[in-house]
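Given the sequences, and given the hints that come with them, work out the whole structure.
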Amino acid sequence: MSGDHIYSALSEEHGGDARWAFGTGFTDALAGVDTTLPEGVDGQDLALYCQMLGDDALVQAQRLVHWVTDAPELEEEVALANIALDLLGQARLLLARAGQADGTGRDEDDFAYRRGPAEFRNVHLAEAPRGDFARAVVTLLVLSSARLAVFTRLADSRDPVLAAIAAKAVNELAYHREYALSWTLRLGDGTPYSHERAVAAVADVWPLTGELFATHPVEARMAGQGVGVDPASVREEVHAVLAQVLTTATLDAPAPFPEAAVAGRGGRHTPELAPLLDELQKVAREHPEATW
Amino acid sequence: MTTQTAQAPPGADLDLQAEFDAKVAADQRIEPRDWMPEGYRKTLVRQVSQHAHSEIIGMQPEGDWIASAPSLRRKAILLAKVQDEAGHGLYLYAAAETLGVDRADLTRRLIEGRQKYSSIFNYPSLTFADVGVIGWLVDGAAICNQVPLCRSSFGPYARAMVRICKEESFHQRQGYELLMRMMEGTEEQRRMVQDAVDRWWWPSLMMFGPPDAESPNTQQSMAWRIKRDTNDDLRQKFVDMTVPQAEKLGVTLPDPELVWNGERGHYDFGEPDWNEFKQVISGAGPKNAERVERRRAAHEKGAWVREAATAYAGKHSAKEAAA
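As you go down the protein sequences, you meet chains A and B in turn. Under the numbering used here, the first residue of the first sequence carries the number 111, and numbering increases by one thereafter. Under the numbering used here, the first residue of the second sequence carries the number -3, and numbering increases by one thereafter.
In case anyone wonders, no lab produced these hints; they're calculated from the structure. Beta carbons are placed, not taken as given, at the ideal position from N, Cα and C, and that holds for glycine. Heads up, a few of these hints could be off.
[Said to hold, decoys possible] Simulated DEER-style distance windows between Cβ atoms:
1) B:T182 <-> A:P327: 54 to 64 Å
2) A:Y303 <-> B:A21: 51 to 61 Å
3) B:A209 <-> A:D242: 47 to 57 Å
4) A:P385 <-> B:A318: 14 to 24 Å
5) A:P317 <-> B:T182: 41 to 51 Å
6) A:P239 <-> B:T306: 25 to 35 Å
7) B:A299 <-> A:E396: 19 to 29 Å
8) A:A284 <-> B:D194: 18 to 28 Å
9) A:A265 <-> B:R110: 45 to 55 Å
10) B:R147 <-> A:Y285: 35 to 45 Å
[Said to hold, decoys possible] Here are a few chain A residues that sit away from chain B, every Cβ distance over 12 Å (derived from the structure):
11) A194
12) Q210
13) G213
14) G215
15) G226
16) R345
17) A363
Next comes the structure, spelled out in structure tokens:
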């Protein structure tokens, strides 16, 4: 008796086989895209660049999943799960690309489960503690605005895989920003208490924003080759977006982004990352020979 | 919100009752605007809201594993599944609201422990194999229960169930597929799967509710065509479907009395421990307090956020009205 026969006894229809929710495809995520490295591009650089963008998404998703069963409304649990799923989908594609580009053939799970904190390349804001709902909203607003600006440009990358990933991600990120924006308005312009929480969240998040626009040498080289985007180039645009959202939400116009040096992109992290990775990796590490 | 029942003029009930009975007998759907007996409405409110609560509490045993899922693919699948459950809760609360109750009030009843949810979610999920077994057995049992509800006499409930059943069949499939992978893995993984099957088998059989002889609501619910099959019939159907799946998987179901009965054309099986069932239903299960407490804590912690949304909506609708 085949497995499918067993299932067909249970319900009338199953719909499409390959995907039943975004980001959960049962097939190779990069199937059908030309994975040849563009001419003159250093595979090691491209792999590191993909890890930077992939790790931002993976680590942010890992923070977001804790809102599921813990949010103020069921609708928010659905929305935040959806955003985490989008980011997880982006991370999987980017990490898979990293393994192709550096020639090691490592897969998405090798990167996610078998690297230590010093090998992660995400910015500190992605790993920062979850905090309250206002903190989650402001963090998402900043990260999605910056990522949307970068990915909009990345859709024209000379690397066809990065271009395809970015083209798909842009719509997702626009939704993430829209969601964060709508809650920034409600909290900022809601009750005196929610206003206070929103002010505190901006104050907590702002010191971490400068790093988002500090250029790592790999980002500079990738941008120079038309493969990546220099984050410094989107600094003003992102600031303008955030200033508009925050003032509409009756919050103070934000200070300029602080000047910051490269940190997470170079593998230097806050103490928050190690416990986050311990939780992410613990089952996989307990069963190194297992198949899932 | 008021119901049609409250608006019916005195003396009109007999005609309305006859019309209702005829509709149910003809397998037509009762819609929220239709007159319905008060007992029918109450039974549905209870069943639909308990079902909604079960979806919401049911997010927890598996949700605990999202952060530690051992591959990104499993993480994405599990996250999507738990998200679906929140969505199912939302459809079902919406269906309950068509009966004149308020979701906020139902939520209060849940977090104050005044309304029940499926007893199965009061058991702990101890290893990642539990994710697979919950998908296979718990969602499998839920599908057996729910597929007939797609033909329930109350329209909004039946329509919600059609959508939910489609998604549940994917959930069951991912669970079974995970177990298949694990059974092809290491010896330790096979032990994890068998251990999880041993722990979840009997609670899964209890999901169909008490034996028919002790199920006071079944006969009336079947007469109203809210329910379409008895608890024991559904339990038998589940066992008959699950045994070949277990054989294919290579696990043993922990019931020494489980044997094919050629005469009946069904599997014979042992009695679940109904004392345990009663204890878990009445709040003394391993995880009852924790499950409800978690929901209560999230709700209370989020109060200021809901208040902010209400205040914002009030200000902006006032501005729009003034404009």
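Do the hints match the structure? See the list:
1. B:T182 <-> A:P327: 54 to 64 Å: At 42 Å between Cβs, range violated.
2. A:Y303 <-> B:A21: 51 to 61 Å: holds, 56 Å
3. B:A209 <-> A:D242: 47 to 57 Å: holds, 52 Å
4. A:P385 <-> B:A318: 14 to 24 Å: Once the Cβ atoms are compared, 51 Å apart, the range 14 to 24 Å for A318 (chain B) and P385 (chain A) is violated.
5. A:P317 <-> B:T182: 41 to 51 Å: About 46 Å separates the Cβ atoms of P317 (chain A) and T182 (chain B), which means 41 to 51 Å holds.
6. A:P239 <-> B:T306: 25 to 35 Å: Holds: the Cβ-Cβ distance is about 28 Å, inside 25 to 35 Å.
7. B:A299 <-> A:E396: 19 to 29 Å: This hint is violated: roughly 38 Å between Cβ atoms.
8. A:A284 <-> B:D194: 18 to 28 Å: Because 48 Å falls outside the window, the suggested range is violated.
9. A:A265 <-> B:R110: 45 to 55 Å: Taking Cβ atoms as reference, A265 (chain A) and R110 (chain B) lie about 53 Å apart, which means the hint holds.
10. B:R147 <-> A:Y285: 35 to 45 Å: Given a distance of about 36 Å, which is inside 35 to 45 Å, the answer is holds.
11. A194: Violated: least Cβ distance 6 Å, not greater than 12 Å.
12. Q210: holds, 16 Å
13. G213: holds, 21 Å
14. G215: holds, 17 Å
15. G226: Check passes; 17 Å lies beyond 12 Å.
16. R345: holds, 30 Å
17. A363: holds, 20 Å
In summary, the structure is inconsistent with hints 1, 4, 7, 8 and 11 from the numbered list given earlier, while agreeing with the others.
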